[in-house]
Structure formats: structure tokens, C-alpha cells
Amino acid sequence: MIEAGPQERARLMRTPQSVDIDITDRCNLRCKYCYFYTSPADVKTDLPLEEWLRFFEELNRCAVTEVTLAGGEPFIREDLKEILEGVIRNRMRFSILSNGTLITEDMARFLGSTPRCNYVQVSLDGSEPETHDSCRGKGTFEKAVAGLRLLQKHKVNVAVRVTIHRYNVRDLEATARFLLEDLGLSGFGTNSAGHMGLCQKNMEQVELTTAERELAMKTLLALNKKYGGRISASAGPLAEGRMWSRMERARRQGAAAFPEGGRLTGCGCPFSKISVRTDGVIVPCNMLSHIELGRINRDRLDDVWRNHSELWKMRDRRSIPLSRFEFCRGCPYLDYCTGNCPALAYSLLGVVDHPSPDGCLRKFLDEGGHLPEEELLEP
Amino acid sequence: MSADKPVANPQVVLREEFDDWAVLFDPDTAEGFAVNPVGVLIWKELDGNHDIADIVRVVREKCENVPEDVETHCREFVDSLIRKGLVGTEVTHD
Ligand code: SF4
Ligand code: SF4
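Line order of the protein sequences matches chains S and W. Every letter in the first sequence is one number past the one before it in this note's numbering, and letter 246, counting from 1, is 246. Adding 1000 to a residue's 1-based position in the second sequence gives its number in this note's numbering.
Keep in mind the hints are simulated off the structure, nothing from the lab. Quick caveat: nothing in here was measured; it's all calculated off a predicted structure. Possibly wrong hints are sitting among the right ones.
[Said to hold, decoys possible] Taking CB as the label site, the calculated pair distances span:
1) S1080/W <-> P129/S: 35 to 43 Å
2) S113/S <-> D1004/W: 28 to 36 Å
3) S234/S <-> Q1011/W: 27 to 35 Å
4) L1014/W <-> S113/S: 21 to 29 Å
[Said to hold, decoys possible] Heads up, incomplete: computed chain S residues facing chain W, CB under 7 Å, no partners named:
5) R11
6) R54
7) T65
8) R91
9) G112
10) P115
11) R116
For every residue, glycine included, the Cβ atom is placed at its ideal position computed from N, Cα and C.
The whole structure should be built from the sequences, with the hints applied where relevant.
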């Protein structure tokens, strides 16, 4: 492997800018495509408040500016308010990823009273109970919407995430209308059920077929045009529709390689953030929770960040050319491709240093997929 | 009345980076401000115990090629931090 040179090593941020924390292993739901349960992140241990508060003091000394609390369901922790007060006391901002069903008026009021909350992300998978509840459980739609309305009432910045699966892929227009018009959100994000955690067991029920993926891509691009770009995505059909169309256009025009193309550059996170499991073990990403880098309050975060060889392996991954892989041999998109998410590569193939077949454009086309028409694309 | 002694807002985070530049991050507004290495030096003096004359002395001591009008630059820099809410001044009475 070509390793990062001394210059690249010297240019690394001194400490991570943000930290993703799985704050609890507990959740009141068992969504069919939850990446967490049965994955290496699911370690069945919650740390007590004191351990987190001690860790936040270290984050303060490291000048970390924000944390994202996930899990599990963060609002299930009875001491969540104390946890957040610890975050605030230590000069950080925070975001919370939630299923929305346990948000109380008191908690919403608290979140609305601090200027430190970036957003609370609520998962909402449809415009009506039928589609949402199909994967998340009966009654969860009403509860999630109630939680969301409480957040809105107390002026908390709400980010809705729609996970696209077989049961809601034909409900996207109504979902967009519900979120953007009825609930009046400024926007929402999308992804799709990925081959991780519980999703692996429920693939036939939730994973989009090639035709459904194509449908989702086209529908979301059309909706984004209609709603002036208020739908976002960093993964899933909308992100793929955009990226793959750019790649296809570049191939057609014989364009020069993309700056990030031709190598495993799909994940830039190890350059700015790091994650912690519910048991306090430090990992590169919650989705790569099998790579253990140390433990909070025992190992120094700045030392792990700067010196751990596994983390450098993740960073050095960016130098690995796609041409090295049999999987990519002869691919016309090689110069434009980033090899996609390493965590998905790991969960599908058991290796991190490999392009993820899930995000592979050639595979999508070979399986009969078609890219969206040009007029659907943003300029 | 004696001179004002600027004091850094204790909530503001100084994120020093690899090239000695830094970002001052205000967690209440989520705004970040880039500061050069001299700015970092000045920031560290804003503890409420030093006035501008003290700060100028430190800059002259620790930096090379310091311009004649360094005091004006220091004052402008501190004023800009005050305007952004990153710094306040403690006024002491004789
Ligand atoms: S490994 Fe995948 S899921 Fe994790 S941060 Fe990187 S791109 Fe995102
Ligand atoms: S085969 Fe797939 S992953 Fe490899 S370069 Fe082509 S599009 Fe990318």
C-alpha cells in the first residue's frame, strides 16, 4: 500500500473536530433495517453517566466542537438531560439521531432552550402509518410525528431522515408532500436500508430491487426539482442518482479523471471525526465498530487520533487504486469512481479495503438498472 | 480608570491546527473564525490580566519582523473579536 507521506500526516487535524457517540445500546423499537442491532456496534453495555461526563471533559481539552448522539435510542436514557448538560458545559454543540417516539414535552422544551443543539434527526419513513409502521412497528408513525411536532413547537431544529425500502418506495411523492407542505419542514434527508445489522436478516423484505432503486432515484430527483432542492442525501438512491449520472456523463465525454476518482476515496470521515461505541470503545465509525482503537477514559483520544495504526490504515485507504481490484477490472467508470463506503464493503465482503459492490455503478447497470434522464439532473 | 483588559469568552473554543493557524469556534452561534499564528498568540494573552500594551510587548518579543504600527493591528484585532462576541473587557477602577 502507498502510505500517507510525512506531509499528509503532518497536515492531519490535531484532534477530531467531531465525535459520534452511541450513547445507549437500548431501544424501544426493533426496526427491520436497523444497522445497529446484531452488528459489531451492539455490545449490550451502557456506560454510566459519570464515564461520559469524564470523557466530555477530555473532548473539551481536545477542542472537539460537536458530538452526535445515537444508538440505540438516545431518548431512552433517563439521564439524557444530564448528558447534554455535560456536552454544553464542555463547550460543544450536539445533534441527536432518534426514532422520535420517546420525545417528551419536557425534553423538547429543554432542547429548545439551548442554543447548542444543531438538530434532532427523527426517522420518518412515509406519509402515513402503513408505510412507516411496516418496518418500525405498529403505532410508531403517530408517536414519531407527535415527537416531531413537540420539537417544532419548542423551535428545535428538526432533521427528518427517510429510509427508503420496499414498502415506501412508491409513497415518496406523498412523503415529500407530508414533510415539506403539511409539516412545513425546510427539507429532509434520504438514504436506503443498507446491508448491515438487522437489515441483513430482512433483506428480501426491505432491500430495494434494481428496478425499485431506479424508481427511487428518478422520483427523488423529480421531487427535488419540484421542491427547489429541499431533499438531501449523502447515501442512498438520491446520492447515487446524482453521482452515477456525473460518472456516466464524464465517461461519455471522455472527461479527465475526477480528483477523487480511481482510488478508494469513498470515506473522508477519518480525517475529521471518530466514533465511540456504547461500551466506551473508540472505533473509526459506528458502522465499522469491529475496529477497536482504544477505550475512553483509559486511552488518550488525541493519541489514538494521531497515532493508531488502524486509523492510519483507514486514511491511507485513499491511496489504494481501484485498478488493483479484480472486481473493477475493465470498468469504464474507474477514473470517476470512489469505491464507495468502506463499512458497506466490510459488511458485504468482510474486507474494508475493497470497493463496495452496493455502490457500484457498473453492477447496477449490469443488473438492468437505468440512470435518470438528463433533464432530471441538477445542472 | 485604568486601561481595559480584554478577556476571552471562556465558552469559545480555540482549535489549533497543523500549521499554527487556528479556528475560534463559538459554540453558541456555531460560527468559526480563522486566526493566524499571531492571532493565536494574542488570544492566549486575553486572560483579563493584560492590556493592549502588555499584548504588544509579547508580540514584539515572540514574533519576527514586527511592523512599527503593531499596536494599531493588535487593537483592531481585539476590537474585531469584541464585535464578534468572542472577547469582553474587564474594566478596573483605580
Ligand atoms: S465508513 Fe461508510 S458509513 Fe462510516 S463514515 Fe465512512 S462512508 Fe460513512
Ligand atoms: S466496477 Fe464498480 S466499484 Fe469498480 S470502478 Fe467500476 S463502478 Fe466503481
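Okay, the hints, checked on the actual structure:
no.	hint	verdict
1	S1080/W <-> P129/S: 35 to 43 Å	violated (54 Å)
2	S113/S <-> D1004/W: 28 to 36 Å	holds (32 Å)
3	S234/S <-> Q1011/W: 27 to 35 Å	holds (30 Å)
4	L1014/W <-> S113/S: 21 to 29 Å	holds (27 Å)
5	R11	holds (5 Å)
6	R54	violated (19 Å)
7	T65	holds (5 Å)
8	R91	holds (5 Å)
9	G112	violated (15 Å)
10	P115	holds (5 Å)
11	R116	holds (6 Å)
Checked against the numbered hints above, the structure breaks hints 1, 6 and 9 and satisfies the rest.
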